[in-house]
Amino acid sequence: MKKLLTIILTFAILGVVGVIIVSLAKKDAPIVVVKGNKEHKPLPIKLHKTNDTQCAMLIETEKNAAEVVSPDGRTWFFDDPGCMVLWLKDKDFKEKATLWVKTLDTNRWVNAKEAKYRVDYFHSAMHYGFGAVEKDSNKTIDFNEMSLRMLRGQTLANPKWRKKILGK
Amino acid sequence: MNRLFLNSYVSVYIFSEAVSLILALLLLYITIKAIIKWDFNSNSKEQYSLEKSIYLGSITSHFLLIVKFILLVYLVYTLDAISIYIPGAMCAAGVVSANSYGMAMLGVKFITIFLLMLYVTFEKYDLEAKYYPIFKQREYILLVAILSIFIEGFLDYSYFSNINLDAPVSCCSTLYGNLEGHNPLPFNLDIKSMLLIFGLLFISFIILLILEIKALIFIIAPLFVAISYYSVVYFFGTYIYELPTHKCPFCMMQKEYYYVGYFVWGTLFFGVAFALIWTISKIWLKVDYKGIKRASILLLTLFVILNSSYVLIYYLKNGVFL
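Residue numbers (our numbering), protein chains in the order written: chain A, 1 to 168; chain B, 169 to 490.
Think of the hints as simulated: they come from the structure by calculation, not from any bench. Since the model is a prediction, treat every value here as computed from it, not as a measurement. No residue lacks a Cβ here, since even glycine has one placed at the ideal position from N, Cα and C. Hints should not be assumed to be uniformly reliable.
To give an idea of the interface, some chain B residues facing chain A are shown, with a C-beta separation under 10 Å as derived from the structure [said to hold, decoys possible]:
{"no.": "1", "residue": "F355"}
{"no.": "2", "residue": "M362"}
{"no.": "3", "residue": "I381"}
Mimicking DSSO-like on lysine-lysine, the simulated pairs with C-alpha atoms at most 30 Å apart in a straight line are [said to hold, decoys possible]:
{"no.": "4", "chain 1": "A", "residue 1": "K3", "chain 2": "B", "residue 2": "K382"}
{"no.": "5", "chain 1": "A", "residue 1": "K2", "chain 2": "B", "residue 2": "K382"}
{"no.": "6", "chain 1": "B", "residue 1": "K461", "chain 2": "A", "residue 2": "K2"}
{"no.": "7", "chain 1": "A", "residue 1": "K3", "chain 2": "B", "residue 2": "K201"}
In isolation and in its complexed conformation, chain B is listed as follows (with noise of 0.2 Å):
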């Protein structure tokens, strides 16, 4: 076994996990038995007690959602502070880098994350209908979530025990460093074009969103959010650690940043999310969720004003920038 497996932020992390774990092999159960024998006009007891179990399997997937999304914050939490126990390590970013299994795994987390949103939404309208409409639907969604929860265990589990204590890793500078030579962005684009592209993409997506043009959206929100992790990275990153030099995605959700990193990179993820939630539901339910909209519009500026505002202050504060 791993000795990592000792460290108390990662047993409590993994306990957790597999506490969500077990519920979601309930939550399994219950979903393929109601694909299987749901019949919403039956009055037979089996339906009656189905529709109890449904309940449970209702609270149990809102549950889950909440600690997915906590144990994601936790998660990068935790790989913050065991940088210190390996070599070369100075942050969450050369931790997820110490194994093919890091990035893999929080990539998941996030679809994860996702899919029970998207369930989420899906069941309010579907018991607000009365008639439990698009059931199989959202139990089939409920099922993908379910999926994606088991990968994530075995992906937690790969990664964590997969990583070498004694192996030296890279640490931030030279993952995402200003390396010589090499553009790591993508297209071939500089700096300057790079943030042209990011504000351009940004009117356009608010525009999508207010004239409602939902197929565009599905091709800008990816672009937008590939850009957006490029811009925070390799430019608003450095503002907000004051340094040209340093660019790295994760060290701005240490405490010398104020952890403003979970905002930056929260509100991005939650104002893409909302945004396709609301397309999804538009097109598929053809049903209008105006607060999913507006909250989407909501965080996807704030987003834009909270790395705007950390060029804006420093180029007030010293008169030039980086």
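Looking at chain A on its own, in the form it has when it is part of the complex (with noise of 0.2 Å):
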């Protein structure tokens, strides 16, 4: 008896070994950070294959996306700006990294800090409403105050403050 448990107890940790080993080496893993971007420039999106660190889903189009790079390189993607303003609110990098968003109406990534943003965007991946655009205008609101709208919970995803905005 004793011998035929040792033997299932080895055939068993064996299982578990080789299991974990065939998982981790399986490389289909989506793209969450990017290491080496020096020149903290704007990176591609690798679309359907990257995720976003902050609500996890997978990023289906660089419009209204955003970037942050950290001081020593590294890029996280995100498929709403509220989603890039949430995870870094409490990173201690947050005030030297920079942050990029694709603008809605020029179509480029530019520095997120001097965008603007417009409030009433319901497409915005995850219904916050705040969609990137190069262009003032009287219903666009800058990075700072969009921020604290976003940490506020004033978004579109709130109901109450959805009807304000945008009165439904």
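Fit chain to chain and form the complex, with the hints in mind.
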């Protein structure tokens, strides 16, 4: 009996180790962070294969997407500027990081701190309602205001706020 | 002061924790005195009075173990109950994630209970031996347990006072849900390979306990806890909720699911804790507490049967898996 149990145990432990090794060897894990972006430039996003670090959704489009480059060159990707704000709030490098957003109006990567944000862009990936644009208008706010509203929960994802902004 | 402290569930919890802290303070005084002044061979008055206070300490530690266990269950119930006050939270999962103290608080509570259980086992051995051969060792374990209780107290207060009732938190679907493209499982596992590992680890754990291969138990036990956690949240839980997208370790503790979560997590925690206590006793004290070992095997088996039965019953009822 003891011999049989020892054999079963050996096979079970070998099985566990084997399954873990095979799983680790699989290379289908989505991209979460890219290292070595020393120039702090916006990187092209591999659509459908890159994870938003905050909400963990796959990024489907570069439109209104955002990127954070840390001082050491690590780059994280976001499908919504709101996700970037939420993720960045407790990072110790938040002041030194380079932030990028892809604008809706000019379709360019611009510095997120200099971009303007529409507050009624209901089609933003997470429905927070902030759409990055380059051109200022009476419906846009700056980055600081957008961040504050995001952290306060004053987004279109909040039904009361949505009613106030969109009237529905 | 956070408005949450005015909530009856929270105030009862905080008050009970404060009482346990006062008891822990008393215990700390007795334990430090015992460590410094204990001399079993002495016939002095001081030693006599020390032995009497040790008896008080023993009763207090037993009482604390029971209270800590009840308070842990009550805490989970409280977290669930106050989820209605926190925007976005739909169960205890969202409430726990309201700040960074939540998960740490829960983790320390499990450690405290484990340490107190270990102390009680060592104390039992020491008292049965008549000459207190491991008196100082067990008092050191108690000292660590008391330290853990103080950390717990700090985390309890920090957690409840830092919950922002105006800031939205994530619900369990966001925290544990089926997030597209994101694999939350460890070692890049998929569900099938995770279940395979779960089964293999369970078999290994039981055989290790039967064959009494102690060193390997310390490796397999934490691995089994981690894989069991993920298996329950990402597979077995979906059968408890009968919904493939509902992945949450807390919702199963609600009335709607007949509070089964308490049994699920309880059998896992006590099964593994008993296994570790048996192993430590065997190595340290050279004593074989067969009852603890049997209880561990029974609880771990119950844990697996309980989880598997949900899958089996669902299949028998519906003819398909989720």
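Verification of the hints:
1. F355: holds, 5 Å
2. M362: holds, 9 Å
3. I381: The hint holds - B:I381 has a Cβ within 10 Å of chain A, the shortest such distance being about 8 Å.
4. A:K3 <-> B:K382: holds, 17 Å
5. A:K2 <-> B:K382: Holds. A:K2 to B:K382 sits at ~16 Å (cutoff 30 Å).
6. B:K461 <-> A:K2: It holds: about 17 Å lies between the C-alpha atoms, which stays within 30 Å.
7. A:K3 <-> B:K201: Violated. A:K3 to B:K201 sits at ~51 Å, over the 30 Å cutoff.
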